[in-house]
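**Student:** Spelled out from the first residue to the last, the chains are:
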Amino acid sequence: MPSSAVQIFSDPDDYASSIRATTIEMMVMERGRFTAKLTRIDLHRLWMQRLSENLPRIAHAAIRPGRAIITFCTYSGPSLLWSGAELQASSIVRHCEGENAFQRAPAPASWCGMSLPVEDMVSVGAAIAGLDLTPPIDPLILTPVPSAMAKLQRLHGAAGQLAEDAPEIISHPEAARGLEQALIEALVSCLGEGEAREDRSVQRRHSLILRRFRRAVEEHPDQTLYIPELCTSIGATGRTLRACCQEQLGMSPKRYLLLRRMHLARRALRESSLTATTVTDVATQYGFWEFGRFAGEYKSLFGESPSATLRRPWE
Amino acid sequence: MPGSVVSVFSEAEDFEVALRAEGALRLLVTGPGRFKARLTQVALHRLRLAAAEEQLPRIALVAVPTDMILVSLPRGRGPAPIWGGVRNGAGEIMTFGAGQRVHMRTDAPCRWNSVWLPATELVQYYSAMTGAIFAVPTAARWWQPGPAIGRHLRHLCSAAISAVESRSKVLIDAEAARGLEQQLIDALVECLSTGLAIEAPPATREHQHIAVSFEALLQAQPERALRMAEVCAALGVSPRILRISCKEQLGMGPIEYARRQRMQLVHRALRSGNADITSVSAIARRSGFRGLGRFAANYCALFGELPSATLRRGSAGGVPKLALGRPRIRLLMAALTWINAGVMIATV
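In order, the protein sequences belong to chains A and B. Letter by letter, the first sequence follows residues 1 to 315 in the working numbering. Letter by letter, the second sequence follows residues 1 to 348 in the working numbering.
Quick caveat, the hints were computed from the structure, so don't treat them as lab data.
Computed footprint of chain B on chain A; a stretch qualifies when at least three of its residues, placed anywhere within it, have a C-beta under 8 Å from a C-beta of chain B:
{"#": "1", "stretch": "224-231"}
{"#": "2", "stretch": "286-299"}
The following label-pair restraints were derived from C-beta to C-beta distances:
{"#": "3", "chain 1": "A", "residue 1": "232", "chain 2": "B", "residue 2": "89", "range": "29 to 35 Å"}
{"#": "4", "chain 1": "B", "residue 1": "65", "chain 2": "A", "residue 2": "277", "range": "34 to 40 Å"}
{"#": "5", "chain 1": "A", "residue 1": "277", "chain 2": "B", "residue 2": "147", "range": "32 to 38 Å"}
{"#": "6", "chain 1": "A", "residue 1": "108", "chain 2": "B", "residue 2": "65", "range": "56 to 62 Å"}
{"#": "7", "chain 1": "A", "residue 1": "108", "chain 2": "B", "residue 2": "124", "range": "43 to 49 Å"}
{"#": "8", "chain 1": "A", "residue 1": "232", "chain 2": "B", "residue 2": "223", "range": "50 to 56 Å"}
{"#": "9", "chain 1": "B", "residue 1": "131", "chain 2": "A", "residue 2": "145", "range": "45 to 51 Å"}
{"#": "10", "chain 1": "B", "residue 1": "148", "chain 2": "A", "residue 2": "270", "range": "28 to 34 Å"}
Think of the CB as a built atom: it goes at the ideal place given N, C-alpha and C, for glycine as much as any other residue.
Make the full structure from the sequences, and use the hints.
**Tutor:** Put into structure tokens, the structure is as follows:
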């Protein structure tokens with residue numbers, strides 16, 4: 001049954017957990033009121049999401065296997081970096097199954113995604129253009145023929161508009177089928193022609209170090225990580241790690257891990273009750289020993305004091 | 001097992017016992033007045049942290065176990081301790097390792113921090129983090145790290161110390177201990193790998209060695225008043241070099257140092273003695289003091305009371321004596337967790 005939904009979020013965690021087909025750990029990097037809009041459109045086989053966020057953020061994304069996924073930006077500008085590679089509105093990322101990567105938005109970003117079950121993608125590729133559209137082994141950034149890309153952008157945008165203004169059209173099975181066919185055709189023509197950009201960063205990110213760094217982050221979703229252990233388990237020196245992270249994350253690993261600990265602490269503060277926990281307990285558990293400084297940094301990042309987060313009832 | 005202990009001492013002897021965990025073999029108080037010290041000890045998974053505040057000047061012989069590295073950090077603004085004749089300057093850190101023995105003295109009310117960590121641990125993390133090999137120093141070495149990272153290390157230590165002093169249970173959480181330990185290692189490795197390292201000049205090292213040998217000689221016959229000619233012959237040094245070494249390392253000449261050691265011996269014997277069966281003169285004579293009048297005056301100058309008063313205080317009944325013999329514990333919380341049993345026992 002085709003359906004659509006438009007959601008507005010003020011909480012990055014809620015937003016990240018609502019994004020489909022991917023497990024995302026998201027950290028906002030600047031102070032301010034976070035707002036994100038997520039438009040979800042499910043046609044029969046084709047799923048689409050349109051996303052926009054108002055604050056710079058960094059996310060670790062692990063794609064769940066089973067679907068062939070592509071993403072692209074909805075307007076030009078250096079608004080999104082995938083594994084350190086800039087995405088333009090004129091290019092598309094074809095993700096591989098089970099991929100995990102860092103996605104960074106240094107400024108407000110608008111982007112969208114489309115996915116088909118892997119077997120459907122393979123069969124439409126073969127039927128429409130005689131192409132093998134099995135998800136690539138490594139993620140691929142390609143720049144389609146401009147006219148094809150413009151058409152895909154237009155259709156995707158129109159579907160988003162429909163979800164907002166006239167969701168009943170999308171939930172109509174026949175209308176949905178028509179839209180789905182048009183979108184699939186546009187998608188296949190984008191993937192069929194055009195040149196794949198052999199991106200340097202995408203290649204470079206295959207380096208063992210980053211793969212291990214990503215794995216460490218992925219394997220310890222709720223746990224703090226520190227440089228000495230990380231250097232030991234990854235087998236890279238602080239300097240190498242710094243160079244890799246600078247490229248992929250736009251910041252030093254220390255800063256990234258600190259931000260991550262901040263966000264973990266915030267989550268812990270929100271999820272614990274005022275009677276059972278104190279801010280100090282949470283701070284020390286997440287490696288913050290200079291309490292005054294922790295409160296200051298926390299406030300400048302989240303716009304409220306840690307004790308206010310703890311007091312606020314969990315919605 | 002992570003845990004912390006905060007103790008306050010009013011007797012040097014008790015402080016000496018507690019300092020054994022910090023590698024101090026012997027403690028000699030060198031200034032007059034009422035003894036007062038506060039010691040905070042924090043045990044993490046593999047690292048140990050200690051912070052002290054002391055009122056009286058004193059000298060301690062510190063022995064670093066062969067498999068450990070001792071890092072000394074200045075704390076606060078006041079005068080820092082003097083390690084092996086070298087004062088731990090502001091913003092500097094000092095390292096000792098490989099079974100070294102060295103005198104640590106203070107010449108005024110003093111605050112200090114120290115970090116102990118297994119040498120293998122430091123070597124391992126150092127090479128993982130920097131790609132270089134850390135040669136465990138066999139001699140005292142002091143480092144001048146960059147101001148930012150040095151400050152970070154000091155702040156982290158002080159913050160952890162004040163956290164356990166105000167909330168003794170913060171370290172029960174294994175994650176908290178791991179976080180602190182990892183950050184300390186991180187900061188320490190950065191200080192050691194980027195800082196400028198300076199080793200004591202050969203002469204100072206020679207003096208350290210002489211002072212430590214002199215100490216060993218004194219301890220072999222603690223109650224005898226040794227003649228300096230004997231000492232010089234035994235150590236194979238000239239009286240002049242011995243005097244220079246002692247002045248530099250111990251802050252006083254060898255004769256004075258030996259006399260004070262014996263005086264402290266008397267003091268302790270008087271404290272634990274029983275006025276009914278023993279006398280001041282017997283105890284003093286046993287430690288090589290003749291001329292009882294001068295002895296009493298010297299004793300009074302050092303300890304602020306007559307020897308007879310110490311003896312009376314010491315033998316004033318069993319129970320108070322026992323209370324005096326222990327650290328006055330203001331807050332002592334060593335939390336031991338038996339994960340398997342799932343039981344948490346707090347020992348006091």
